[in-house]
Amino acid sequence: MAMVDCPSCGAQVPVEHRFCGRCGHPMKPSAPGPAPAQTAFFGAMQSVGKAKLILIRGEGMDGVSYHLNAAEHIAGRKSGAILFPEDNYLSPRHANFFYEQGRLYVRDEGALNGVFIRLKEPAVLEDGDVFLAGEELFRIELREVVGETTSADHTHFFASPRPAIAGRVVQVFEGGRTGIVHAPREGAVTIGREQCALNFPNDRFISGRHCRVDLATTTATVTDLQSRNGTYVRVKGQRELAHGDYLFLGRQLLRVEITAT
Amino acid sequence: MIVCPNCSRDNEDHYKFCLGCGTELARAPRPVAPTVLPQAVPIKLPGLNPLGAHAPAVDLPRSVKPTLIDASGPRFDPEPTPATHSVDPTPAVDPVPPVHDVAPPVVLSASDGDELPFDLSTDGEASHGAVAAAAAAAALSVAATATTEAPEPVPAPTSAADALPFEPATEDGLTVAHAPLTEAERETAEASTAVVGAALYDAMVTTPEDARLCSTCGTAVPEGFKFCGVCGGRYDGRSRAPAAAPFVPPAVEVTPAPAQLVVIHPDGSEGATFPLNATETTVGRAHPSPLFADDPFLSPRHATFYFGKNQLFARDEGSLNGIFIRIKAEVELFHGDLFRIGQQLLRFEELAQVRPVLPGAGDGTMVMGSPVRGAWGRLSSVVAINTPASVWVLRRAEEGLGRERGEITFPDDGFVSGAHCKVVTRDGRFFLQDTGSTNGTYLRVKAEAILSQGDLVLLGQQLFRVDLKT
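Chains as they are written, first to last, in the working numbering: chain A, 1 to 261; chain B, 1 to 470.
In isolation and in its complexed conformation, chain A is listed as follows:
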């Protein structure tokens, strides 16, 4: 059977097919004429390629590799070369892995839950930024808590004392409810399984001392404390990827392997 390479993902597609069976990319009808006299590949996997993603933890397909041999590769729940139809935390079109001047990038395609990348060094976060430690998702809030203390009829509100706080670390529950709101006096907040400022004894994926957040006036710095599973921050816009980077897309954990430069 005559085969052609898919322009999107590089897979071998029978000439009579109108769409690539791997990534769904529409195939141009091949020009009539004799088959080109060239040696065919046994398969796209044989090519060295430039980079691949390895599924570390996901839905029963752990260890699967996604070769990034085309110019761009869409990951999502409904469309793209990297499909995870069962993961409801992925947007239909979630992220794009693409090359620009020979470098591999990931871009958030406006996904609800975004793309998270494992910290290799402390990251500076701003108000509203989120990060993952173990299974816990947190949001940094640096805005001041504002609220009226006097009603329209000039009655004073008898409230809890309001200590000066450095900022807030807010736990976000699945489904979007707010969980713990930790508002420390001092800027450093440790997060882990035990003996930290915020403890999650039932989180099997969090380390004893997992990460630390240093809250300052306009920014916060999150530092991974050599945790076993790492601390992840959400990618804003697009970001270059390096060999050995780990990414969370929804529940899917992927490792980036750059095989050629």
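Just so you know, these hints were derived from the structure itself, not from any lab. Given the structure is predicted, the values throughout are model-derived calculations rather than measurements. Mixed in with the good hints there might be a few duds.
[Unchecked claim] A short, non-exhaustive set of chain B residues, derived as facing chain A with CB atoms under 10 Å:
hint : residue
1    : 12
2    : 300
3    : 345
4    : 363
5    : 364
6    : 366
7    : 368
8    : 375
9    : 392
10   : 395
11   : 397
12   : 458
13   : 461
[To be verified] Counterexamples of contact, computed for chain A against chain B with all Cβ distances above 10 Å:
hint : residue
14   : 7
15   : 57
16   : 72
17   : 98
18   : 196
19   : 239
20   : 250
21   : 253
Where is the CB? At the ideal position from N, CA and C, for every residue including glycine.
Once you have looked at the hints, place chain B on chain A.
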């Protein structure tokens, strides 16, 4: 902001006592004068925290653990700074013997036993011993129902032993005046505690010939006690005197009122009374009585007290700060309920009824986040109108709140007991339990509530005891 002269901490303008160390603060210019109050009228704020300061200790001695005597650790500075005295001279503070400056009433929180996370003591060695002795005496007086004079064996100066639980030396009503005891003191104290135990108390109160009856609620008051262990009323030396004369200014009353509210001062003593007539009485800042007109934390029309079906009801008139009633043992909690412990105003929420703040995408994508893992509720600290600050997640069947112990702690709040209360879930319902706190747990009344004899009711910043005269 008022800067504390003792620990330099910033405090809100309306605070009367420092949040950090409890020192009384010089009166700051009143924040935003309520329109109905002429600026010239001095506000009589009974205390930074009525809950913390006012609540008479109604616990019976069996709630006192002997271990409280062992309580050692840092304490609040029992000596008010000079600034204190210039501000509010009302409760007399004897400046001479330092022992007088120790606040015995509230030593129940010594039963919490734990060290405070901060040591604010500034006194030197000299007063140290006196403090320790007074603490021992105080602990004993608590053991004997919070109202006794210290028993003989206490090696405390008479002045301290005489100090009534409700007459703390520091007018700030700070609760924790305990100090390390010497070995000898500890032994004596333990021995005494054992003697003045629950059994003895029962024996004392049931002796018929001793029948000294509380003039307020009729409970027998043991010999030597100056306050009723049930309602906190001062024993006036007469057997079941019909409640009355000394409490009610006769001029106020035309016909005998069927009930009255008695102001409970921050030091636990009783203040003015306010009669509740047989029909209904609406109180608030708009009320002519200075008892209410001077409290900027009362709404103009705050609450209505009325009789129906032979019971006294309190109805919230849509007030800002509401009516809080001290809970007894356990009450059911519902989504949105507000309660107070120490200086904290807390809001309970059932997690299932909390609205998600992050919107979904509408394309079937679910919002990612931490697993809920059986969490069933949230508690928020309310720092302004409808404004939560800290939020705690309730996950275990019982979540304890306290200054030191429990899952949710308020280490900076000296009015919260070591283990203060619990929020509990069972059979899909939710409950609030007071776990023997010194200053009590107060639940906000929704719409209205029935009041019983001796109920402690918080209106604005003032605490009242309900006296029913039938």
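Of the hints given before, which are not true for this structure?
11, 20
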